[in-house]
Structure formats: C-alpha cells, structure tokens
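Going by numbering that gives the first Met the number 0, the letters in the sequence shown line up with residues 0 to 140, in that order.
Bear in mind the hints are in silico, worked out from the structure with no lab data behind them. Treat each hint with caution, since some may be false.
List of simulated lysine-lysine pairs, DSS-like, C-alpha gap at most 30 Å [claimed, not checked]:
hint: 1; residue 1: Lys89; residue 2: Lys118
hint: 2; residue 1: Lys127; residue 2: Lys110
hint: 3; residue 1: Lys118; residue 2: Lys100
hint: 4; residue 1: Lys100; residue 2: Lys114
hint: 5; residue 1: Lys139; residue 2: Lys127
Every value quoted in this text rests on a predicted model; they were computed, and no experiment measured them.
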Amino acid sequence: MNVRGDEGPDAEDDDEELYRDVNINLKGRDIEMTDVHTTQVLEDTHVTLTPVNPDGQQHILSVSSQFVTSMFNPSPDAAVQIQSDRLRDKDQAKNEDILNKHDENIQKIIKDQIKEQVKVQVSKILPKIEKTVNEQLEAKV
C-alpha cells in the first residue's frame, strides 16, 4: 500500500493529464521563457477639455423627468378633457334624440294638416261633382 502519495504508473498518467494542454509545437526544443509582466510607457498626449453648459444638463434632466412624470401621471388637463369629451358626446346624443323626436312630431303635424286641407277641398268640390254626374246621367236617360 502506498501512503506517501501517487507514484508509479498512476503518477505518470496524472502528469500526462496535467500537462496535456502544453504547446506541443515546440518539438522538443528548449525555449527561454520570459516574464510576461511588462510595463508600457505612454507619452502624455495633449487633451482639450470642453466645458459643458451645466444649464443644458439641467434642462435635459428636467425634460426627462417631465416625460417620465407625464407618462406615469397624466395631467389633470387630460383627465378634464376626457371627461368633457364624454359629456359632450352624451349631450350630443341626447340632442340628436330630441331633434329626431321633434322632426317626427313636425312630420305628423304636417300630415294631419294636409289631411284636413284635403277634406275641406273635397267637401267644396264634391257637390259640384255630384251635380255634374247627375246632369250627365239625366241627359242619357
């Protein structure tokens, strides 16, 4: 029994697994490895700072805030307008009903007046018609 650790064929297998991802393109050559930590010196570059109008930024924030507020809280004017539109539409519908009933009543009154005028005219000309028909019948007999 091996108490000290992996040795023998199992240890070689573990080593192969451990170093399997090593670059095999070296083809057995020894290559000098260098430290990967490098430093890079950057030269100072000229930077131009353009001042930003703080009022402009404040204006943008204000517009954004107003937009969000208006989206979540419709203005009272909009609610009043919606209610006004509903009331106007309701009143217009009532007015149309009243106008339609009024028109029907006027048509009925006109029809009744025409009937009455026809009766009056017929009663005036009916005796003349009867007289003419009687005269024609007597002439033939």
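Okay, the hints, checked on the actual structure:
no.: 1; hint: Lys89 <-> Lys118; result: violated, 44 Å
no.: 2; hint: Lys127 <-> Lys110; result: holds, 26 Å
no.: 3; hint: Lys118 <-> Lys100; result: holds, 27 Å
no.: 4; hint: Lys100 <-> Lys114; result: holds, 21 Å
no.: 5; hint: Lys139 <-> Lys127; result: holds, 19 Å
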